[in-house]
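Those sequence lines, one after another, are chains A and B.
Adding 301 to a residue's 1-based position in the first sequence gives its number in the numbering used here.
Adding 301 to a residue's 1-based position in the second sequence gives its number in the numbering used here.
Bear in mind the hints are in silico, worked out from the structure with no lab data behind them.
Computed from a prediction, not measured in an experiment: that's the story for all the values here.
Watch out, some of these pointers could steer you wrong.
Since the list gives no way to pick out one identical chain from another, each pair is judged satisfied if it fits inside one copy or across any two copies.
To be verified - Below, simulated BS3-like cross-link-like pairs (lysine-lysine); rule was C-alpha separation at most 30 Å, straight line:
{"hint": "1", "residue 1": "LYS476", "residue 2": "LYS560"}
{"hint": "2", "residue 1": "LYS439", "residue 2": "LYS345"}
{"hint": "3", "residue 1": "LYS310", "residue 2": "LYS435"}
{"hint": "4", "residue 1": "LYS480", "residue 2": "LYS406"}
{"hint": "5", "residue 1": "LYS562", "residue 2": "LYS476"}
{"hint": "6", "residue 1": "LYS342", "residue 2": "LYS435"}
{"hint": "7", "residue 1": "LYS560", "residue 2": "LYS406"}
{"hint": "8", "residue 1": "LYS439", "residue 2": "LYS310"}
{"hint": "9", "residue 1": "LYS339", "residue 2": "LYS405"}
{"hint": "10", "residue 1": "LYS353", "residue 2": "LYS560"}
{"hint": "11", "residue 1": "LYS353", "residue 2": "LYS310"}
{"hint": "12", "residue 1": "LYS336", "residue 2": "LYS560"}
{"hint": "13", "residue 1": "LYS406", "residue 2": "LYS476"}
{"hint": "14", "residue 1": "LYS353", "residue 2": "LYS439"}
{"hint": "15", "residue 1": "LYS476", "residue 2": "LYS599"}
{"hint": "16", "residue 1": "LYS406", "residue 2": "LYS435"}
{"hint": "17", "residue 1": "LYS439", "residue 2": "LYS563"}
{"hint": "18", "residue 1": "LYS345", "residue 2": "LYS405"}
{"hint": "19", "residue 1": "LYS435", "residue 2": "LYS480"}
{"hint": "20", "residue 1": "LYS342", "residue 2": "LYS476"}
{"hint": "21", "residue 1": "LYS439", "residue 2": "LYS358"}
{"hint": "22", "residue 1": "LYS406", "residue 2": "LYS562"}
{"hint": "23", "residue 1": "LYS342", "residue 2": "LYS358"}
{"hint": "24", "residue 1": "LYS353", "residue 2": "LYS563"}
{"hint": "25", "residue 1": "LYS336", "residue 2": "LYS599"}
{"hint": "26", "residue 1": "LYS339", "residue 2": "LYS310"}
{"hint": "27", "residue 1": "LYS435", "residue 2": "LYS560"}
{"hint": "28", "residue 1": "LYS439", "residue 2": "LYS476"}
{"hint": "29", "residue 1": "LYS406", "residue 2": "LYS342"}
Number of protein chains: 2
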Amino acid sequence: MASMNEVAKRAGVSIATVSRVLNNSDSVNEATRLKILKAIKELKYQPSRVAKRLRSKSVSSNLLGVLIPDIQNPFYVDVLRGIEDVAYRNNYAIIMCNYGQDEKKEILYLDILQSEAIDGLIAAPVNENDQRLKNIIKGGLPVVCVDRGLAGIDVDIVWVNNEEGAYSAVSHLVKSGYKRIAYISGLPSIPSSRMRENGYRRALENAGLMDSGLIKYGNSSYASGVELCAELLDMPNPPDAIFTGNNLITLGALETIHKRKKQIPNDVAIVGFDDMFWASSLNPPLTAVRQPAYEIGKRAGELLIQRITDPQRPCIQMTLNAELMIRSSC
Amino acid sequence: MASMNEVAKRAGVSIATVSRVLNNSDSVNEATRLKILKAIKELKYQPSRVAKRLRSKSVSSNLLGVLIPDIQNPFYVDVLRGIEDVAYRNNYAIIMCNYGQDEKKEILYLDILQSEAIDGLIAAPVNENDQRLKNIIKGGLPVVCVDRGLAGIDVDIVWVNNEEGAYSAVSHLVKSGYKRIAYISGLPSIPSSRMRENGYRRALENAGLMDSGLIKYGNSSYASGVELCAELLDMPNPPDAIFTGNNLITLGALETIHKRKKQIPNDVAIVGFDDMFWASSLNPPLTAVRQPAYEIGKRAGELLIQRITDPQRPCIQMTLNAELMIRSSC
DNA sequence: TTTTTCTATGAAAACGTTTTCATTTTTTCT
DNA sequence: AGAAAAAATGAAAACGTTTTCATAGAAAAA
Numbered sequence: 302m303a304s305m306n307e308v309a310k311r312a313g314v315s316i317a318t319v320s321r322v323l324n325n326s327d328s329v330n331e332a333t334r335l336k337i338l339k340a341i342k343e344l345k346y347q348p349s350r351v352a353k354r355l356r357s358k359s360v361s362s363n364l365l366g367v368l369i370p371d372i373q374n375p376f377y378v379d380v381l382r383g384i385e386d387v388a389y390r391n392n393y394a395i396i397m398c399n400y401g402q403d404e405k406k407e408i409l410y411l412d413i414l415q416s417e418a419i420d421g422l423i424a425a426p427v428n429e430n431d432q433r434l435k436n437i438i439k440g441g442l443p444v445v446c447v448d449r450g451l452a453g454i455d456v457d458i459v460w461v462n463n464e465e466g467a468y469s470a471v472s473h474l475v476k477s478g479y480k481r482i483a484y485i486s487g488l489p490s491i492p493s494s495r496m497r498e499n500g501y502r503r504a505l506e507n508a509g510l511m512d513s514g515l516i517k518y519g520n521s522s523y524a525s526g527v528e529l530c531a532e533l534l535d536m537p538n539p540p541d542a543i544f545t546g547n548n549l550i551t552l553g554a555l556e557t558i559h560k561r562k563k564q565i566p567n568d569v570a571i572v573g574f575d576d577m578f579w580a581s582s583l584n585p586p587l588t589a590v591r592q593p594a595y596e597i598g599k600r601a602g603e604l605l606i607q608r609i610t611d612p613q614r615p616c617i618q619m620t621l622n623a624e625l626m627i628r629s630s631c
Numbered sequence: 302m303a304s305m306n307e308v309a310k311r312a313g314v315s316i317a318t319v320s321r322v323l324n325n326s327d328s329v330n331e332a333t334r335l336k337i338l339k340a341i342k343e344l345k346y347q348p349s350r351v352a353k354r355l356r357s358k359s360v361s362s363n364l365l366g367v368l369i370p371d372i373q374n375p376f377y378v379d380v381l382r383g384i385e386d387v388a389y390r391n392n393y394a395i396i397m398c399n400y401g402q403d404e405k406k407e408i409l410y411l412d413i414l415q416s417e418a419i420d421g422l423i424a425a426p427v428n429e430n431d432q433r434l435k436n437i438i439k440g441g442l443p444v445v446c447v448d449r450g451l452a453g454i455d456v457d458i459v460w461v462n463n464e465e466g467a468y469s470a471v472s473h474l475v476k477s478g479y480k481r482i483a484y485i486s487g488l489p490s491i492p493s494s495r496m497r498e499n500g501y502r503r504a505l506e507n508a509g510l511m512d513s514g515l516i517k518y519g520n521s522s523y524a525s526g527v528e529l530c531a532e533l534l535d536m537p538n539p540p541d542a543i544f545t546g547n548n549l550i551t552l553g554a555l556e557t558i559h560k561r562k563k564q565i566p567n568d569v570a571i572v573g574f575d576d577m578f579w580a581s582s583l584n585p586p587l588t589a590v591r592q593p594a595y596e597i598g599k600r601a602g603e604l605l606i607q608r609i610t611d612p613q614r615p616c617i618q619m620t621l622n623a624e625l626m627i628r629s630s631c
């Protein structure tokens, strides 16, 4: 790879001038500009983003970090797509960090990201007390949270109204006549799990149907959906409907229900948090709370780039709408 | 962030010595080693991966590129997971590049990756003649291909036997008595699309059932599955079974079939290339050719790290097994 | 014409490492 | 004891940029 030095030599100028035309930061004579451009083309010169990043904290080095708990969850894949679209449009590359809801791994990734001198970070933190991330934010790195907030610190965030989304889903079950409505929760340490539980509780308490014995807490995984759904179905008095706390839990629960040859919604109804684009091809077509995942990612990306260019901008909490997609699983 | 200089000062040594204990590359007195370690701890010093990368081409700077055509395709998500697992275990960070099967975007990402001075690259190239990628390989960057090969150049690759996988799937349809078996292909410029078509043809020719009018070519997307399946169903003499070229096409085709209230497999059977972990919860449980996607990623990651440490190692073509998962969609 | 202001450019420092080379001190060998 | 070898360390260059500072010449103002 040709370096700036070689370009400078070939054009018969100093690297300073080359840098100037590259960033057209300063006045340079048109003739020399052309010479330099020519040399650049001839040498197929590509500036080193690494050197640029090392040299100047001030100027953007065009690297973003994305820290997510579970790439296997289609929700985060869509968020990532949204981020990637805006990143690419702005010539940012993305370091993707999938920490698997493992706090140790999250910390290590945060260290790596700092060490890589990223310009900004989009993160769904392991929980709302994530001290390491808070410190990083205090340290001045532009950060936007997605899906999960951070307690006691001002930070940009893009998410949906989880409580409201859960409330509408469970209310819909209530209206449909279900009486024993269970909730398979994700990790309670994750704020969204608790917000969704709150919505679930509110709906059931309004209807006088609340029964804490019908709440199962898991670790947000597919496997947890499989197992906890089995536990529910094994109860002496099993639920007649299940509200699942996320995508993967939903698919796990479906797996169990089908394995047991139960009919949906006759034997047991199900509505999930998180829609999937193939939800209408599931058996049966799944009723689900749709989060605008792609848009969450896109908005987060936009906010981040804004913050990078203007670190003083006041923080924004952007709450998008969650929408109940009614199909035939309840 | 503390730099090596500050550590050196606090420990009362030169940066050279600090570097030496960090990489324990050279003999250093135990007492000074301890002093330095203490200073590092006190300052919470983290070496800059950027500076490291800039300085030494020779030593690994622990950054990998992953270039994939479509992050929305669950197959690539699993491949990515596999890569990420081994990358993380080896302290590599990953720059994720999702080029959306867009050649321009792929080239731009390749430029960026070079400019970021990555240590190695795992790529599913846009097609087998990808000149830019070939040049990069010739330039000496360690590269491993996944899922898609490269013509006329020796390169590590991990994939499955697409021809064989397709053959077994279509043979199964034949054995089940279907006579008019269609194929919805992905982009023909992608080698795997053609390999799968070859397997499809071989199975049908063996059975004397080949009819080129039953092949539809699309762009590998969900939307293409939706549309081309509709075209097939609209034929005066529609197929009684459909073999779909990938994950997304399968889901798109299912969507169309359901929208038209056709019964699977009575009205039309379907078997897809690419399994999904929720395939048994689809309507009906989907028969599909399973690629060991996670393992493909994992193996590719391992091969890449091997190649980074030993660039001379002869190239390996690793062909994993594709397995037909028989469920009830045919 | 003389002074002042621009315009155009280069030299050199800085970013944070690794690595080579040189030097001093210590150890080991005759 | 003297020579040779080994151990421990530092100075400085290098990686490829950006950016500050200085300066020469040209244009504009006096």
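Taking the hints in turn, this is what the structure says about them:
| no. | hint | verdict |
| --- | --- | --- |
| 1 | LYS476 to LYS560 | both (28 Å within a copy, 27 Å between copies) |
| 2 | LYS439 to LYS345 | between (41 Å within a copy, 16 Å between copies) |
| 3 | LYS310 to LYS435 | between (47 Å within a copy, 29 Å between copies) |
| 4 | LYS480 to LYS406 | neither (42 Å within a copy, 53 Å between copies) |
| 5 | LYS562 to LYS476 | both (26 Å within a copy, 28 Å between copies) |
| 6 | LYS342 to LYS435 | between (45 Å within a copy, 20 Å between copies) |
| 7 | LYS560 to LYS406 | neither (34 Å within a copy, 44 Å between copies) |
| 8 | LYS439 to LYS310 | between (44 Å within a copy, 26 Å between copies) |
| 9 | LYS339 to LYS405 | between (50 Å within a copy, 23 Å between copies) |
| 10 | LYS353 to LYS560 | neither (56 Å within a copy, 53 Å between copies) |
| 11 | LYS353 to LYS310 | both (20 Å within a copy, 26 Å between copies) |
| 12 | LYS336 to LYS560 | neither (71 Å within a copy, 62 Å between copies) |
| 13 | LYS406 to LYS476 | neither (43 Å within a copy, 49 Å between copies) |
| 14 | LYS353 to LYS439 | both (24 Å within a copy, 26 Å between copies) |
| 15 | LYS476 to LYS599 | neither (35 Å within a copy, 48 Å between copies) |
| 16 | LYS406 to LYS435 | within (16 Å within a copy, 35 Å between copies) |
| 17 | LYS439 to LYS563 | neither (52 Å within a copy, 58 Å between copies) |
| 18 | LYS345 to LYS405 | between (43 Å within a copy, 17 Å between copies) |
| 19 | LYS435 to LYS480 | neither (43 Å within a copy, 63 Å between copies) |
| 20 | LYS342 to LYS476 | neither (68 Å within a copy, 60 Å between copies) |
| 21 | LYS439 to LYS358 | within (17 Å within a copy, 34 Å between copies) |
| 22 | LYS406 to LYS562 | neither (39 Å within a copy, 47 Å between copies) |
| 23 | LYS342 to LYS358 | both (28 Å within a copy, 24 Å between copies) |
| 24 | LYS353 to LYS563 | neither (60 Å within a copy, 58 Å between copies) |
| 25 | LYS336 to LYS599 | neither (40 Å within a copy, 48 Å between copies) |
| 26 | LYS339 to LYS310 | within (12 Å within a copy, 46 Å between copies) |
| 27 | LYS435 to LYS560 | neither (44 Å within a copy, 48 Å between copies) |
| 28 | LYS439 to LYS476 | neither (47 Å within a copy, 65 Å between copies) |
| 29 | LYS406 to LYS342 | between (43 Å within a copy, 20 Å between copies) |
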